[in-house]
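S.K.: Below are the chains, spelled out letter by letter.
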Amino acid sequence: MSKTLFDKIWDAHVVSTVENGPTQLYIDRHFCHEVTSPQAFNGLRARGLKVFRPELTTMTADHNTPTIDQDKPVKDPISRNQLDTFAKNAAEFNMPLYYPLGHDKNGVVHIIGPENGFTQPGMTIVCGDSHTSTHGAFGTIAFGIGTSEVEMVLATQCVLQTRPKTMRINYNGKLGPGVSAKDLALYTISKLTTGGATGYFVEYAGEAIRNMTMEERMTVCNLSIEMGARGGMIAPDETTFNYVKGREFAPKGAEWDEKLAYWKTLKSDKGAKFDLELDFDAADIQPMITYGTNPGMGMGIQESIPTLDQIDEAGRISFQKSLDYMGFQPGEQLLGKQIDYVFLGSCTNGRIEDFRIFANYVKGKKKADNVVVWLVPGSWGVEKQIREEGLLDIFTQAGFLLRQPGCSACLAMNDDKVPAGKYAVSTSNRNFEGRQGPGARTILAGPLVAAAAAITGKITDPRV
Amino acid sequence: MEKFVTLTSTVVPLPIENVDTDQIIPARFLKATNKEGFGDNLFADWRYNKDGSPKADFVLNNPVYGGNILVAGKNFGSGSSREHAAWAIDGYGFKVVVSSFFADIFKNNALNNGVLPVVVSAEFLAEIFDGANKDPKLTLTVDLENQTIKNNANGKSESFEINSYKKECLLKGLDDIDYLLSKRELIEAYEASRK
Ligand code: SF4
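Chains as they are written, first to last, in our numbering: chain A, 1 to 464; chain B, 1 to 195.
One thing to keep in mind: the hints can contain errors.
With a cut-off of at most 20 Å between alpha-carbon atoms, the simulated SDA-like pairs for lysine to any residue come out as follows [said to hold, decoys possible]:
1. A:Lys165 with B:Glu161
2. A:Lys165 with A:Trp10
3. B:Lys167 with A:Val18
4. B:Lys74 with A:Gly315
5. B:Lys50 with A:Asp415
6. B:Lys195 with A:Val15
7. A:Lys259 with B:Ser193
8. A:Lys337 with A:Thr307
9. B:Lys195 with A:Asp257
10. B:Lys35 with A:Leu44
11. B:Lys195 with A:Gly122
12. A:Lys366 with A:Gly399
13. A:Lys165 with B:Lys195
14. B:Lys195 with A:Ala46
15. A:Lys50 with B:Arg184
16. B:Lys195 with A:Pro251
17. B:Lys35 with A:Gly48
18. A:Lys50 with B:Asp178
19. A:Lys8 with B:Glu191
20. A:Lys174 with A:Asp237
21. B:Lys195 with A:Asp11
Derived from the structure by calculation, the hints contain no laboratory data. These figures come from a predicted structure and were not determined experimentally.
Make the full structure from the sequences, and use the hints.
M.R.: The following block contains the structure:
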């Protein structure tokens, strides 16, 4: 029988099926960070349990960490306690893969996973973070879980999951110049809405996806959750294998050959049935920005915000509330609008290619005086590359500072908060009310639109 | 986990769509290392002014509304996987959340904490909002065994979906982890089969 990519990986990980209930799924790799894990370790302690397979969990501190002076003690005592608790749990439970602040493998969990070769095709991957979908770019089943489930994985290396429906989205043709993976994702979410893929696992396919680098594919899969999908995935190909090969935790020698032969079978068979299949033309996609308070409220950078009569009646209160929060009017065009902050970073756009795009645009130009710009690499690995490739010099000459790795203004748990009422063009993934600080107004965009905003101080189409 | 069988209660109506987990519990409150106290910060940015005083126009601060059932607009709980959202809802005292649509991860997290998400039709939801607007004493009855929810103001009732395994867990107060721990041999056999 023809199987989808999803079916192949799922079926290979079924330990048992609960009658009329969920599937007990084996997890190959668990990523763990300081914010959603302490209560899970407490749970183990309360039950007197050990971690079942410590070598299958990778731990990094990223969410609640400063992006300057990481070598000094963390100032906020509550944050410091959370980091100390993380360290204590790693030690007490003998966790071998623990990367605290300052470690050369430390960084945003979804960046260090692929970077170090932990993420490999065909795996099941979970983390107490919804953007775990990022790892789907390698042809994995990767999804976010809650803390109770973190505890289950630590205790048994399994979770109970209901089998989701499958969806395939095909992008035909090529993306236009100046249009990025982020734009493709924001475009898709704007078409499907934030709940449009709820209950589904999405496979991204088509020429525009095949042409993407691994980093671009990660950006696309990362945003799957923003349309409600359980996760997103892309069939592995030569691009994938070349990326994985030689990374520290990737298979080597004979094991590599054996794995590679298996990985090559990981694609949806001809005639495989999806519960839903959608098609988009890549050429229709423009550089995108969001205008509202969820990632589905996006539009082409040249377009105008919808007017009230374009919104269905039940949604009008929420739509208006959202625009009031943003300080925008229905029907308004945002091009040329003054902004205050720019954030380049996060697991969506905090990889080296994002910094290259940004650097390429700002090279020889000067930062606008009215904007504060946070350049936050996704990991120390990315930070090192920025230096080695000479991007740091470009940033410095253009008037930018490079910060230290972490989630930073993506969720603003640390001091990187956008003040109330201020506009931030952000390469992160969520423009929810208060996401980047109480009262902060977030405009999501790709790295190129962010670079143009950093130079002009306004919402600017980078192509013109 | 606490058992859940039936509940009759007044409701707290929140007729807003796409209530995301950053609204339910903003990230700056996620620094705790235990599960207690999140209820105090449920919907913090809608509920309190900057100086910590309550915002009079938010429903949780409106003394005419109360009870153990939160009723919210469609696509409740989208966004982050933070279980803190479920802890905040549970901590505040809600045992049931009613909406016409829930985000997946939130639904799981709620169930894992003994909070029952009940999906109703858009029409049924609109009638609760309407009814509660006219009479804050409106009550709903949620019966898990029979999988029904009744609007006691107009007498209408609907059935709701829940998989039978999760239903059993809630009725008996059992956690998933108890189930998984009982399958240790199967897990080891699975691992051996892959070597
Ligand atoms: S960068 Fe943002 S979305 Fe990514 S893991 Fe960190 S907080 Fe989550």
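S.K.: Does each hint hold? Answer for all of them.
M.R.: Right, here's what the structure says about each hint:
Between Lys165 of chain A and Glu161 of chain B the alpha-carbon distance is near 17 Å, which keeps this suggested pair within the 20 Å criterion. The hinted pair formed by Lys165 of chain A and Trp10 of chain A meets the criterion: a straight-line CA distance of about 12 Å does not exceed 20 Å. Of the supplied pair hints, the one linking Lys167 of chain B and Val18 of chain A holds, its CA atoms being roughly 13 Å apart against a limit of 20 Å. For the suggested pair Lys74 of chain B and Gly315 of chain A, the alpha carbons sit about 9 Å apart, so the restraint of at most 20 Å is met.
Distance check on the hinted pair: Lys50 of chain B and Asp415 of chain A sit about 17 Å apart at the alpha-carbon level, within 20 Å; holds. Only pairs whose Cα atoms come within 20 Å are accepted, and Lys195 of chain B paired with Val15 of chain A is accepted, the gap being roughly 15 Å. At roughly 16 Å between alpha-carbon atoms, Lys259 of chain A and Ser193 of chain B fall within 20 Å of each other, so this suggested pair holds. Simply put, Lys337 of chain A and Thr307 of chain A have alpha-carbon atoms about 18 Å apart, close enough for the 20 Å limit, and the pair holds.
With a C-alpha separation of about 16 Å, the suggested pairing of Lys195 of chain B with Asp257 of chain A holds against the 20 Å cut-off. As the CA atoms of Lys35 of chain B and Leu44 of chain A are separated by approximately 14 Å, the hinted pair is consistent with the 20 Å bound. Taking the CA atoms of Lys195 of chain B and Gly122 of chain A, the gap is about 15 Å. The hint holds against a cut of 20 Å. Taking the CA atoms of Lys366 of chain A and Gly399 of chain A, the gap is about 6 Å. The hint holds against a cut of 20 Å.
Proximity of Lys165 of chain A to Lys195 of chain B is assessed by CA-CA distance (about 30 Å); at most 20 Å being required, the pair is judged violated. Restraint check: the Cα-Cα separation between Lys195 of chain B and Ala46 of chain A comes to about 32 Å, which exceeds 20 Å; the hinted pair is violated. Pair hint Lys50 of chain A plus Arg184 of chain B holds up; C-alpha atoms about 13 Å apart against a cutoff of 20 Å. Under the criterion of a C-alpha separation no larger than 20 Å, the hint pairing Lys195 of chain B with Pro251 of chain A is consistent with the structure, at around 14 Å.
A threshold of 20 Å between alpha carbons decides the hint, and for Lys35 of chain B with Gly48 of chain A the separation of about 18 Å falls inside it, so the pair holds. As the CA atoms of Lys50 of chain A and Asp178 of chain B are separated by approximately 15 Å, the hinted pair is consistent with the 20 Å bound. Taken as a hint, the Lys8 of chain A and Glu191 of chain B pair is honoured in the structure, with Cα atoms around 18 Å apart against an allowance of 20 Å. Proximity of Lys174 of chain A to Asp237 of chain A is assessed by CA-CA distance (about 18 Å); at most 20 Å being required, the pair is judged to hold.
Of the pairs offered as hints, the one joining Lys195 of chain B and Asp11 of chain A holds, with about 17 Å between alpha carbons and a cut-off of 20 Å not exceeded.
Comparing the model with each numbered hint stated earlier shows that hints 13, 14 do not hold.
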